[in-house]
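Undergrad: Now for the letters of each chain:
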Amino acid sequence: MAERSKIALIVSLILCGLISFALGHIHVTDEGGHITTLAEKYSYYYDILVTIGINIILAVGLNLVNGYTGQFSLGHAGFMAAGAYASSWLTLSFGYALGSSAFSTTFVFVVALLVGGVAAAGSGLLVGVPSLRLKGDYLAIVTLGFNEIIKGVIQNAEPLGAQRGLGGMVQHTNFFWTFAFAAVTIYVVISLVNSTYGRGFLAVRDDEIAAEAMGINTTKYKVLAFVLGAFFAGIAGGIYAHFKQFIHPEGFNFMKSVDVVVMVILGGMGSTAGVCLAAAILTILPELLRYVSHIEGLPEWLRHIAENRMILYSLLLIVLMLTRPQGLFGAVNLKRKKA
Amino acid sequence: MADKLLEFLQQLVNGLSQGSIYALIALGYTMVFGVLRFINFAHGDVYMLGAFVGFYLGPKVSQMFGRGLTSATMPMGDLLNPGAIAIILLAMLICAVIGIVIERLCYRPLRERPKLTVLITAIGVSLFLENGGQYLFGVDPKSFPDVITDRALEIPESWGKISGLTITLSQVLIFFVTLLLLLVLRHIVVKTKIGMAMRALSFNPVAAQLMGINIDVVISFTFGLGSALAGAAGILTSIQQPSIDPLMGINAGLKAFVAAVLGCIGNLQGAALGGLLIGVVEALVVGYGNPTYRDPIVFGVLILILLVKPTGLLGASEREKV
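In the order they appear, the protein sequences are chains A and B.
Residue 43 is where the first sequence starts when you use my numbering, and the numbers rise one by one after that.
Residue 14 is where the second sequence starts when you use my numbering, and the numbers rise one by one after that.
No lab work stands behind these hints: they were computed from the structure.
Glycine is no exception: its CB is placed at the ideal position from the N, C-alpha and C atoms.
Heads up, a few of these hints could be off.
Unchecked claim - Keeping only pairs whose Cα atoms sit at most 30 angstroms apart, straight-line, the calculated DSSO-like set for lysine-lysine is: (1) B/K128 to A/K298; (2) B/K155 to A/K298; (3) A/K286 to A/K298; (4) A/K262 to B/K128; (5) B/K155 to B/K73; (6) B/K322 to A/K262; (7) A/K298 to A/K83.
To be verified - If you want the ones that stay clear, here's a sample from chain A, every Cβ over 12 angstroms from chain B, calculated: (8) G209; (9) G210; (10) N259.
Using the sequences and the hints, build the whole thing.
TA: Here it is in structure tokens:
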């Protein structure tokens, strides 16, 4: 198992590199007759592709907390914000500290991503500590509160642009970095879940009291899940910031957290493959709906529905919970109440 | 010195009136938590719907019932405004129905499922109401119809320094309507049969059922009662801040939830106390500190209380049953 997943990781990293190279170096002529790269010619699709990668990192990280460990975090966007701001501040301040060659700026970018991840992990630790005492609904609200607090702190931090947002980052993010980090995230989560640690996570989820009675340090596992989930969210935030080149505190609000939660639930809590698929589906769906809403000749009501994707999302969430609470691809049986 | 005291009192008045709104919403959270042990995330959006009931039906109702006595005939005449009372009652009724329908359709089928499933459903319902509201009512804020003309009350000079305070009609109205509703609620919960059933259910659901209590009816009633209070809060807040939008329930709902936890979730007095406290804390942060820190500080209070005394201010510590 371990060997196979290691090989899979290496293969996917090489694939990421190859695809990224192809996107950036195959030259084609666009409509205007100019010679551009594939990525620029199909920038709309490229944009969606990178967003899928970012969402995969977010959702797989959150799945570790919500799916495998059975805690309910509603503050993932807060961790993402911590990572996005920390890494952006670093590249803005020290982007050219090691010279201006492509290699050295990219090096700074990757270091900044990792630092962003660590910053987010630090805030994850802050959330994890109160989470030791709280369960279910309370935890959801506390994480939501932390999301608001992180947002509030950023809104008042002048060096981070406060309420104006922060911009001017160089677009370091490309296909390779996004999907390489996505692959690493998936690899780490899968390896972790299949290790001794993974048994600990699952035990905490399945029956916390029994796990504790068996001598499992439930606190440790809960905090570990939070910190790791936050770390990946921070990385995703850094990648996002260096892709969009502009970040704003309001972009990391409660709604963004809910977006990620919906991905995890749709995919099925505790199913990494399902969550990846759900992240892709839920990234493409709004674009598809936007396309549908502009097709001529469709009935008016259908176009209305297509324009209001959030109504659709919420209905999806309710219907899913009523009929298939384990998610589309979930392995966990949430149907029966624990005794 | 006196000026500082006056300013402090002013913040206190503002805080108490905003806190009354939070208290009304918090009561709904607390009652539902009491009987079902789950957080009705959609509760804040029922409050929003209450405000929109007032927006659409307010002018008509106001016309039908008149605007009450003018201040010329009686000093506080416009407090007894039949139109406004009718609107509040109507909003309470409609919100109660909405609350019962939500429970019947979305929560009842899930009653035997893990709490997480119900919580996610509640988030779904909340998102549905918000986005459905945005679709139906439009995204931009609307100005609430002028059912009560808000004005500053004149405080007699003979009351001394206090006459420098600015107290508006709506603030007094909010405070007293909240007080009245609290008394009515207390009467229902303590003195009536259905109230006794509610308390029995929150004490021990299985035993309550064995004693012949129809828990479906009691749960429906609880949802109706809580939603009615949220509807009243929706109207009251719109009289004070005449701008309403479909997302107004998110923030108010979260603050009210914090209030319920602060007081002691499941406890009516706790919800009222927590609501008033949160309102005052907010007013003080806005008045003396930085308004942008208002929301973070409220959530900071929540995290602090959960760390120090998870059962809330009025809560007794409870041992977990295995």
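Undergrad: Against each hint, give a clear statement of whether it holds in the structure.
TA: Now for the hints, and whether the structure bears them out:
1. B/K128 to A/K298: holds (23 angstroms)
2. B/K155 to A/K298: holds (25 angstroms)
3. A/K286 to A/K298: Given pair A/K286, A/K298 holds - Cα atoms ~16 angstroms apart, limit 30 angstroms.
4. A/K262 to B/K128: holds (23 angstroms)
5. B/K155 to B/K73: holds (17 angstroms)
6. B/K322 to A/K262: holds (22 angstroms)
7. A/K298 to A/K83: holds (29 angstroms)
8. G209: At roughly 20 angstroms from the nearest Cβ of chain B, A/G209 sits farther out than 12 angstroms, so the non-interface label holds.
9. G210: Check passes; 23 angstroms lies beyond 12 angstroms.
10. N259: For A/N259, whose nearest Cβ neighbour in chain B is about 18 angstroms away, the distance exceeds 12 angstroms, so it holds.
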